[in-house]
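Below, each chain spelled out in residue letters.
2 protein chains.
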Amino acid sequence: MSQPEKTRTTVDIYGRSYNIVGNEKPEQIRAVANLVDEKMREIHAVNKSLDSTNLAVLTAVNTMNDYMKLKEEFEVLQKLLEEKEE
Amino acid sequence: MSQPEKTRTTVDIYGRSYNIVGNEKPEQIRAVANLVDEKMREIHAVNKSLDSTNLAVLTAVNTMNDYMKLKEEFEVLQKLLEEKEE
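As they're listed, the protein sequences go chains A and B. Going by my numbering, the residue at position 25 of the first sequence is 25; the numbering climbs one at a time, nothing skipped. Going by my numbering, the residue at position 18 of the second sequence is 18; the numbering climbs one at a time, nothing skipped.
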């Protein structure tokens, strides 16, 4: 089976350049990078004393929390659908 | 209407201490912090030269990408459910 081709995309996040290698399309990577950049700037706006590492870790925590909550909701929908299909 | 009580939870992520203030339960915050810590260590294991800021930003990018993909799947399920309810 052929593997999806790896892409290499350069993005700018909070003033640093990152080469992201992966299976996603460059436009998807750029959209995701923009969201991370925005979130870091939002957290910086309310916590001006935080350094970049702090901002990035808090952004990751924030996003992981959103992910876990969405995953719970997703599982609820999956169950509902299964019930309807029985 | 009463607001949910804010919690303050101290977590350790990649060797640094963070005070997370929010509406989530402390056990939820700790679970999320553990996932972020694990992801940073996973990325470090394959990219030993990256500093903490890089690791945290890449962890945030990774998680945001997972979130966006799950959101798309979630919206597909929502549509399917709506169709079944018509």
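Keep in mind the hints are simulated off the structure, nothing from the lab. Where hints are given, some of them may not hold.
A pair counts as met if it fits within one copy or between any two copies, since identical chains are not told apart.
Heads up, simulated DSSO-like pairs for lysine-lysine below, C-alpha to C-alpha not over 30 Å straight-line [what the hints assert, rightly or not]:
#	residue 1	residue 2
1	K6	K25
2	K71	K84
3	K48	K6
4	K48	K25
5	K79	K48
6	K84	K25
7	K6	K84
8	K48	K84
9	K6	K71
10	K84	K69
11	K25	K69
Computed from a predicted model, the values in this text were never measured in an experiment.
Ascending list of hint numbers which this structure does not respect: 5, 6, 7 and 8
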